[in-house]
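For the record, the sequence lines run as chains V and L. If you count by our numbering, then the first sequence holds residues 1 to 317, one letter each, in order. If you count by our numbering, then the second sequence holds residues 1001 to 1511, one letter each, in order.
Any given hint might turn out to be false.
To be verified - Below 27 Å or equal to it, Euclidean Cα-Cα: the simulated DSS-like pairs (lysine-lysine) are:
no., chain 1, residue 1, chain 2, residue 2
1, V, Lys180, L, Lys1054
2, L, Lys1223, V, Lys136
3, V, Lys9, L, Lys1192
4, L, Lys1003, V, Lys6
5, L, Lys1510, V, Lys6
6, V, Lys180, L, Lys1318
7, V, Lys105, L, Lys1384
8, L, Lys1192, V, Lys180
9, L, Lys1003, V, Lys9
10, L, Lys1384, V, Lys9
11, L, Lys1384, V, Lys291
12, L, Lys1223, L, Lys1192
13, V, Lys71, L, Lys1340
Unchecked claim - Sample of chain V residues lacking proximity to chain L, with all beta carbon distances greater than 10 Å (derived):
no., residue
14, Ala5
15, Ala21
16, Lys71
17, Ser96
None of these hints come from the bench; they were simulated from the model. Beta carbons: idealized from backbone N, C-alpha and C, even for Gly.
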Amino acid sequence: MFGMAKRLKEMGVLAINRRNADYTLWYNPRRLYPLVDDKLRTKELALKHGIAVPELYGVIEVEGQVRSLGKMLGERTDFVVKPAHGSGGEGILVISGRVNERFRKADGTILVQEELEHHIFSTLSGLYSLGGQPDKALIEYRVQFDPVFEKISYQGVPDIRIIVFLGVPVMSMVRLPTRKSDGKANLHQGAVGAGIDISTGMTLNGVWDNLVVTEHPDTGAPVRGNLIPDWDGLLDLAARCYEITGLGYQGVDIVLDRDKGPLILEINARPGLNIQIANNAGLLPRLDLVKSEHRNLRSVAERVQFAKDHFAVDSAQ
Amino acid sequence: MSKIQLYVLASVVAAVGLSVFLYKVYFLGFPVTPAKEVHIWNVEARIKFVAEGKPVKVSMFIPTGTRRFAVMDETFASGGYGLVATESEGNRLATWSIREATGRQGLYYQAVVQVSRTKAPQVDKKAPKPASPGFEGPTLAAAKTFIEGVKAKSADTPSMVTGLLKGLAHPGTDENVRLLVGGKPSVEKRVKMAIRLLSYAGIPARMVRGVRIREEKADLAAKVPIIHWLEVFDGKDWTSFDPITGNSPVPDDWFPWWTGVRNMAHVEGGRSVQVIISVSPRIQEGVQAAVQHGQRSKALLVQFSLFSLPVATQAVYKVLLLIPVGTFVLIILRNVVGIKTFGTFMPVLIALSFRETGLLRGIFLFVVIVALGLGVRSYLERLKLLVVPRLAAVLIVVVGFMALLSVVSHHLGGHTGLSVALFPLVILTMTIERMSVVWEERGPEEAFVSGLGSLTTAALAFVVMKSKYLEHLVFVFPELLLVVLAITLLMGRYSGYRLMDLHRFRALAKE
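Just need the whole structure built from these sequences, with the hints factored in.
See the structure below:
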């Protein structure tokens, strides 16, 4: 047991106590949390800084507005309903098709309008929000994911998580939905996380339920060796989020849209730690390096270059 | 930086706590371990009433003490009232009076009662005159028949009294008894009738009222009922009889308060009179000696300690002070081991209710109620209800279950179910809600892991909080909580791995 702890320490694995005590509590001032906990505010903030996000179709803030849902949707046949204060991907409903009053979920099941409305009511009353406080429901553009991930995801939209520390991208992974995760891209719901080599944008092995996998469990395609298109653009986007939110330690979630390119999905002030398993590397050495060097990195470009220079994966691995 | 600040703060807090603790142990002589047996009790009577703006006169019987119970250290909290203590017919009476009072009034009497196991020699007492029984007409005939029947079946006075009490307690089909006391007479009524019957037979008897001096199981409900029994003069001394069983003498823990048929308290110029008696084990001899010593020497630490509080409040703090200890267990389990629980402090509250139900019973009841609640919750899910009404519905159903469980188990002869009411209802409801949300969104596995984690944590916290030794320590030395606080503060910066992290990152630790 102590041997294991020692081994993790040698690798510089960041665990939850340390993340909270030394990073999130230290670098993320509490007053900034609402910026990222409320997805509506994140969206507005990103737009103000000229960063692309999925288009917002409408917001439902009180029960009475649910009746105008039909008007809000117009002729749209696919969209996503998500809670503004959701966490861990809970309460996200992906509608991929519609015939009048019937809606088809991404996994093919059919919802009648009443069920959709109930989902929105539950969202408003705080079922999916952090701490259970009343919430808003956002209705937004459903991302058409880039074909690069077609073979390694099961329904749903894969997204790319980049941990950004003091403006420097330090670690990254792509989260691939599986049958088990019900099309959702959250690791604890059963999605596969595959590490990404920061310097090249090439995927590494994956982690599924805390264990290393080399193939996607549903499609069987190799998880490793997929090149993420426009990787430099993604790094640039993530690094810019530091100035936008002011959070020192954040997880930026980006999706690649077939037509619109990279879109910021959300920003997380307490990003998860399994990314280390996906990258087979500990975060601490990278964080320490950034801590000692970040004063010399002035521009976004410098920070991205620093990351690419220092956080490359050994080709031997 | 702030880490140094934290270390300084924690060591100062711990040092203060420890030095007060050591001072109390070495200079004031407080014992560190609890004594085995309790011989000293705090007895308290509170009178509450509403004054009507007129002169108020309140009289209340106060205990005299017997050869088994010594009444010491009496305190009266009078709040502006004049107080006189008098003696009449072997009873002591405290009389409070005031020119004018309005609104709610509260008067206290507090005494320390010491139980001695030695028996004093019997003294010959003057035989009292039996009062007139006052039977006439049909009751006279019934009394005569009944008492003659009892007499015929007994050898001496004690066995006759026993037979009489038994006869009164179980009227059965005896028409005479039914005529005398009715179908289901109260204990008080039976004792009164026994006195009249005995005086008819020429035997002096009287009613004694008092309370049982014993540790109540529920710490928070320190209120005790008044009990009644019978004393019969056997020519030399009074002998007591239990009116329910007829046994003589009455159990050792029956503490006589006053004799006679009058009510305990009488209030002139007030209404809605309430008398509440509470009994609690006094801190053991060693502690008491230390407290008295401290009070004599005017040690501030003692004068402003928990021992200066009313008995009922002390009982509350005995429990409250254990909560930080339970929370400390929770911190260790969550931040060092990494056990998942529903809600932050829920396990500690559950552990508190285990104190009332016992561990195994508590776990059983908790699991049953949560399981039933989950069933109902999953059905309600289908009805698509809004959150707040749905929570309220689950809560109502949980209350119903609890009542049902109590009734059923009561009829099955156990009192397991009665203690179910001690579970914090809202906590149970929230547990059910959280568990079912987790169940739906992350699967039953996750729900069970957290549920089991909560229960394990609660059980461990209970085992720690149950310890008599710890209870004694935190109550006699509440300053030790400062030490707990110091460690808790340090735990707030613990950034090492949790035991569960080793499992979580096992893929990384291999190779």
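Comparing the hints with the structure gives:
Using a Cα cut-off of 27 Å, the hinted pair V:Lys180 and L:Lys1054 is violated, with the two alpha carbons roughly 78 Å apart. A distance of roughly 50 Å separates the Cα atoms of L:Lys1223 and V:Lys136; the hinted pair therefore is violated under the 27 Å criterion. Annotation: proposed proximity of V:Lys9 to L:Lys1192 is violated, straight-line Cα distance about 81 Å (limit 27 Å). Between L:Lys1003 and V:Lys6 the CA atoms are separated by roughly 24 Å; this keeps the pair inside 27 Å, and the hint holds.
With a C-alpha separation of about 12 Å, the suggested pairing of L:Lys1510 with V:Lys6 holds against the 27 Å cut-off. Of the pairs offered as hints, the one joining V:Lys180 and L:Lys1318 is violated, with about 50 Å between alpha carbons and a cut-off of 27 Å exceeded. Between V:Lys105 and L:Lys1384, the direct Cα distance comes to roughly 18 Å. Compliance with the 27 Å bound is thereby established for this hinted pair. Annotation: proposed proximity of L:Lys1192 to V:Lys180 is violated, straight-line Cα distance about 77 Å (limit 27 Å).
This hinted pair checks out: L:Lys1003 and V:Lys9 have alpha carbons roughly 21 Å apart, not beyond 27 Å. Between L:Lys1384 and V:Lys9 the alpha-carbon distance is near 48 Å, which puts this suggested pair outside the 27 Å criterion. A distance of roughly 50 Å separates the Cα atoms of L:Lys1384 and V:Lys291; the hinted pair therefore is violated under the 27 Å criterion. For the proposed pair L:Lys1223 and L:Lys1192, the alpha carbon gap of about 25 Å is at most 27 Å, so the pair holds.
About 44 Å separates the Cα atoms of V:Lys71 and L:Lys1340, which puts this hinted pair outside 27 Å; it is violated. For V:Ala5, the shortest C-beta to C-beta distance to chain L comes to about 5 Å, within the 10 Å cut-off, and the non-interface label is violated. Not every beta carbon of chain L lies more than 10 Å from that of V:Ala21, the smallest distance being close to 4 Å; the non-interface claim is violated. The Cβ of V:Lys71 sits about 22 Å from the closest Cβ of chain L, beyond the 10 Å cut-off, so the non-interface label holds.
Against chain L, the non-interface label of V:Ser96 holds: every CB pair exceeds 10 Å, the least being about 21 Å.
Figure legend: structure checked against the earlier numbered hints; hints not met, in rising order: 1, 2, 3, 6, 8, 10, 11, 13, 14, 15.
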